[in-house]
Structures are given as structure tokens and as C-alpha cells.
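A.B. asks: Letter by letter, the chains look like this.
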Amino acid sequence: MNFFTKKTCATASLLSLMAVLPNLLSAQNLTNEEILKPSADSWPTYHGDYSGRRHSRLTQITPQNVGGLSLAWAFQTNQAAQIKSSPLVVDGIMYFTVPDNIWAVDARSGHMLWHYNSPTAGGEHIGHRGVAMYKGWLYFVTPDAQLVSLDAKDGKVRWKKVVADVSKGYWSTMAPLVVGNHVIIGAAGDLDNLPGYIRSFDPDTGEVQWQWDSTPPAGTPNQTTGGTIWMTGTYDPDLNLVYFGTGNPTPVLSGTNRPGDDLYTCSIVALNPDTGKLVWGFSASPHDTHDWDAIEVPVLVDADFHGQPRKMLMQSSRNGYFFVLDRATGKSLLTAPFGPVNWTSGIDAQGRPIPNPAKEPAPDGRLIAPDEGGLTNYRSPSFDPKTGLFIVDAHPSWSIYFAKPADGQYGWAGADYGLWGKGVIEAIDYQTGKIRWSHEVGPNGSGAGVLTTDSGLTFTGDAHGNLLALATSDGKTLWHAGLGEAMQTSPITYMLDGRQYVVMGSGSVLFSWALPQTEVGGGVASGK
Amino acid sequence: MNRFRRIGLTSLAAALIVLQATQLSIYAASNGGRSGNPSAQQPGSTATGSPGTDSYTAHCATCHGENREGNPPTVPSLLGVKQRLTDQQITTLVHNGKGQMPAFPEVQQAELTALLRYLGTPAIATPKPEPAATASVPGSHVSGPSAAGGAIFAKDCGFCHGRDAMGGESGPDLTSSRLVRTDRGGDKISDVVLNGRIDKGMPAFKFSSEELLQIAAFIHAQEAAAAVVKKGGRRGVEVADLQTGNAEAGKQYFDGAGGCVKCHSATGDLAGIANRYEGLQLEERMLYPRGAKSQVTVKLPSGDKIAGVLAYQDEFTIGLRDSSGIYHSWETSQVKYVVDSPVDAHVELFSKYTDADIHNLMAYLQTMR
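Chains A and B, in that order, are what the protein sequence lines are. The letter at position 452 of the first sequence is residue 451 when you use numbering that gives the first Met the number 0, and the numbering goes up by one with no holes. The letter at position 116 of the second sequence is residue 115 when you use numbering that gives the first Met the number 0, and the numbering goes up by one with no holes.
One or more hints might be untrue.
To be verified - Pairs of lysine-lysine residues, derived as DSS-like cross-links and limited to a Cα-Cα distance of at most 27 Å, are as follows:
hint, chain 1, residue 1, chain 2, residue 2
1, A, K310, A, K433
2, A, K475, B, K298
3, B, K81, A, K421
4, B, K298, A, K358
5, B, K199, A, K403
Treat the hints as calculated values from the structure; they're not laboratory data. Everything numeric in this text was worked out from a predicted model, so none of it was measured.
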């Protein structure tokens, strides 16, 4: 609770300072302090802040006036790749990515300052989640698993370092997490039997500071590989712990050669960011055989739980369960499904789902809910402190899973086929796991993440390409705009010159929305 | 929210942005420039840190790209520039600049020679088979168009279909695909790649004709390799895999607990179904027939009713095709409507089936010949 209060004061004072001296803060030098306590004119990390709540204190756009939201600008990347990155905004400049590409654009107008484009042949070009920034430098990973440091002013490359060996089957997509003097990154790759790990790089020299391995080296008898880390974690500065979700074990659909829980795959882990040492780990899917990476955002919330103040970690996991943990110890507070789930035989004493052996992939097929994409995936959920609602883009779905001895023990080692799914925005009461309201967003699923604001608004998207503003209290639609393509990223918001912007990518275009200048008051906005 | 409910929400300022997506293919634009970066290049090409690359990095790379790929049409690619211009012409350009290109008179003598030599080195870009693209199919030798196709496949297709095209995350095994089996020189594969199969989750890709041929060549090479050896398994489902059920029990489920007879008949709509579909395809259609049509009846403010096949539905718009094939749509806030989706009965069953029910139903359906 203390953390909240301090943060509110800091934001409030920064806001008042902003009103008087908006331009004097421009320095293009993002400090640890600013990352720790982001100002209202910035979105300096993938999640907006270290908590991963994707919640903004901005209140200019309200349920009452959101109907007047209009297009401020759109940025056309002219790329075939869809935007899956969450933009950063620092000192009035926005940075966002698709594989091999970074753009720096003016966050007020959307006009381009520079474009970095360095095609790579190796690695998966499946998507890219965005850059990290520290001081005047950007940190960007490539499909062939390198970390590139660039000058934020002009996109010039300072150095490149190897995150993982692309020739073995690794690739990189994630936005790094900057904590103190560390740039923390993982690498993806579950088409091969590869161990997963997180590496910490020195932000200045690019030297590797530490590495934490989520699984033992490939070939260790009766041990799993996998557990790759491909989503940006979160950080608690008081406990000095970083939190990451880890990916699925390999071989993916066959568990016979990797008996037991397969630690630390499909897990939530807490590491010391200075040493890389594991402090605790929680297995969200012990012995997974359905590709349900537990990489979904570990959301950090300080609030009461059943009448007691708690430092919590919440995750809506791909396997269909909503977890609430004590984030100091990793102990379970709540485990509850948030949609159809049929692969477990119960919850164990530690709050972990117990996989039902009868629901492992089989030669003649097993009907499984959710499907391989999961009941949710990498797009961000949001936690709204006022209502206590954890709002997630859910994907109720059914599928059939197959595996037989002839499929071997390498890589996928089986086959699975989605049958049916739909998208539903769900508001989960974190104290009970009950769904307070739900809002259907179309067949197959939406793909849009969720942003909430202090004024009671929830921004997300539907499966048809409509950007939606919902009332956080009851999920009713207050505003929408057709963007032409389903969204594959999560919205952000920031305030510049007294005007609040909401930004969302759709297809290969980034859209920025704001209230008309005439409505937000001329005084601050004019003449800048 | 209930999809049948009237949605009475007013959108005060719905902004519909119609985008003419200028999908200039990045693949086409960087054709030949799709290179590894310098630290990942193959042996034989100029190494990072030579005077030529250093000079290029210092003066040219900012605009022409680290791998000389340029950014056409604004900034030309320098790959193969020595085939287009003489050393003297390049030197003049470097020293004097041209258009938006600044002059670099300071590049002289040894540095100039090194730069000119570097510009003559082959593109690092030469598409080479990804080590990983072929590694999983030992014994297969991949070269020529299929090697180039393998690089493209690994980059853009492998995540779903597996790097060896034998299936993976969400994408089917292409080496046992009927479409691939009947494809000749990319005639069928190209259509699927260019148009996607949006309803099944496969996006459309804008590849050049040459790239399409290369991709098709790679898939066929993998098809041949798969016939020999499949490391890591087939990742597909054979008809023989789906024969564990009991047809009599399936008939009982069909007639009883499953409620299938409410809509279907073994001698009516499903007569001969097993001749039309088999194996996995039959099972997928049995569990949820994609593309099944729904009917909608819309009641207009005037009181008139229009019925037809549901053509579009989101929260804000309802659209139908009438019996003459004409499309009509309305804002959902302006009309009342009722959608009739018999296919929803399949969704209701998901949470009720046992796996044995499914296998038994499969056995029963396979008797309908």
C-alpha cells in the first residue's frame, strides 16, 4: 500500500510540474528513477511501469467524454508484418518495432524521426514485442537472437551481442527489462529440445553479467528441456525481485522422456536481478504436454486479500487458470479457472493444477480445453485498482491433441488442432476468481491486450478490428472505432501538452486517439 | 454479452478508417538483401572490421543499410552496384554526392580502394539453407530453389508448420497434405500462401513469384524427404489412428445422449459422409463444421422483416445476404434481429463429450458410406 501512496504523490507532483514546465523535462535520458516512477508524459517500459498492471492514472478521457475520441494521427509502417509491439514513449518520442525494424516517431504528430531496418535471414520472424530504453540508449533483440544497442537520437548501432545461438533453433522477440544496471532478456525456441535461460547484460558494455537456466542442459537423462523466456517480466523494487514466466517443456506434446514436474518450465519465477539467483518458483502447469507457456504477464498488485494487506502477483495463465501468489514467498493465495478447462484432476495443496494423465495427447486424440493458444496469451491483461478487477482478453476454446510413439521425442512430437474458440473480455475479481462481467469480442478470439485508466475506462479490441472503450465497472461499450484489422498488441496511453493520447496498433498501422484540441482546453495545448 | 441481445449503444463519433494498405512487400523490396548481419555471415565474404567495411559502416550504412540493402525507392540498394557503375563513377558519386546523398570527399586513397573492393563483394544475402531448416531431416540434400525456399520457410512459415514443414505450433504437416501432393510447381501452394486461409488462422503472405516457386520447391523437397525419414515424428494424423471407437456405441450416442438426430440423419444429410471425408478431416468436421451458415431475421424500424444468410456480425453491424444474393447491413442499434445458428449445438457438446464418445461417433460416421 505504501508503494501506491508514494507513487501517487510522485505522479501528482510531476503532473503539476509538467503543467508549468512541459519542455524543460526533455532530456532523452531515461534514468532508473524515471523508470521506477514513470511520469504521465511517458510510457518508458513495455508494461508502462514495473508492476505490469497496464493501468494509467490519467483521467482526461472519461466515460462521459470518450464518445468524442477522435484520430490524432496514424503511422503506416508499409510492412507485411503485423505490429505486435508495445510502444515506448520517452521525452515526446515514441519507439516501436516489427521484426528487424524500429521506428522513432513524434508522439504528438506521428511523423517519423528515424527508421532502423536491418534484415536478418536467421531465426523466427513471428513477431516483435518492442524495445527497452535506458539513459539515451535503446535495446532491441533480433530474430537471430542478438541484442542490439542503438542511440535513441538517431538509431545508430552502438554494439551487438549474442543472446542465444540461432543455429541451434533459438530466436528472440521480447522487449528487454531494464532494472538498475541490468538489461534482462530471454530467448524463445520450442521447435527443438533446447534449455531456456535468462541473461543479464551490462547496459553500457553489453557484457553478460549473469545467466539463469530454467532447465538443465539438453541430454540430461529424464530431465526436460524448454522453459524458454520470451515475455518481458516485472519488478518489485522493495523486494528487489524480478518476475518472469517461463515457456513450455520440450519435447512439446510428449512427456514420457521428462517425468515429473519439469521445473522450471511453465512456471512463474522470482530472481534477484543483481545475481540471477532463483528466490522462488511456482509451477503453473506441472508436466505440461499442451504447449501452455506460463509467460503471461506476472502482474504485481499491493492490496488487501481476504482482509489482509498483501504484496501479490497475479497471472491469467495460458493453461486456463488465474493464479494469485504472495510474491515475497511464491505461496499460492488463489487458483481458479477463468474459462473452460478440462485437463486437470484437481488443484494440489500448493495451488498447482494436477494434470490428468488421461488428457495427455494420445494416438487417437484427446479433446482438450483450452486450445494450444490458451485461454489467454502474451497480450497484456490490466489490473484496475479502484474496482479490484483483473481484466483479461480470454479465449474459451476446444481442440484435439495427438501423440504416438512414432512421433519421437524431438521438438513438437505430436500434433494438435484447434476446433473452435471465441474472444471474451473478462473482469476477474482477484479475491474470489469469480468473473464479475464478461464482454464477447467475436469468433476465434481478439488478440488485443487491455489498458485501464483511473477514470474508469478499459481499452481493448475485438476480433473484427474494432478498438473498444468499455466502462471498467460493467464492461459496457462506450466508444469504438473500426481499425480494419484485428489487433495483436496492447494499448498504451500518455499525456503531452495537456492532451491524453491512447495508442493501439492494428495490422501494420499504429493509431493514436485523443479528444479534440477544442475539448482539452486551448491554453496548454497551443503554441507549443 | 449475449449475442442475441439488442445492443443499444450509441457510438458518438465512430471513426472508420479505410486503409489502402500499401503492401509493398518487404521481401520483394529487400530481394537479395535478406542477409545475415555481418557477425553471422558465411565464410568467404568480407569480415567485419576490414578497412572496407569500416569505411562503409562509417559513411554509407546509415542510409544504404548495414547490408547494403538500401531502402528502395528512396535509397538505392548497393548490392551489385559494381555491375551497374564503374569504379570511377562510384568514386565521383562518393566525392560529390548526388541528390539527397551527401559528398564524402575525405574518403581517399587506401580507404577509397578498400571501400570499392568491399562494394564488389558478393551479397552476404545469398539465401542459403538455414542450418536448422535442413538439420531436422538428415539425409536430405537441399539445394537450388528449395534451399532459398527453406530460408524463407524457416523465417515466415516454420513457426506454425515446423521448420521441416512437417507440422508444428497450430499449422498442419504439409508433407502429408493432399493439396501439396496434387500441387505441380506451386500452382496450388501459391494460392494458399498469397490468399491465406483466414478462417483457419493462416495469414496471407505477399511473396514474389520467384519466392513462391522457391517455397513450393522446399515443401516438395520436404515431402520427398519425409517419405524417407521423419525425425521427431510425423506430427500428423493417419486414418488408421482414428479407428479405436465402437460404431454401435457411436450410434447410441448419435441417437441418444449426443442429440445429433435433432439436426442430422444417417440416411439423410449424412448419407455417404464417409465417402466425402476421411480421417482427421472427418473428425474435425464432426466436432465443429467450420463455415456452417447461420440465418438471421432483421426487423426494421418500419416493422418490415428481412431474412437471409448471416454475412457479417459484430457488436455494431449486422449484415445478411438475401435469397437473391444481395448484401444488406444495418447498425445494430437501429434494428432488432434474431440469429439462428444450429452449429452452436456442436459447441454445447464440447463440455459433455468423453473422449470415448468422440471415438465411437467417429466409428459410426465411418459406416455412413
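A.B. asks: Broken hints, numbered, in rising order?
C.D. replies: 3 and 4
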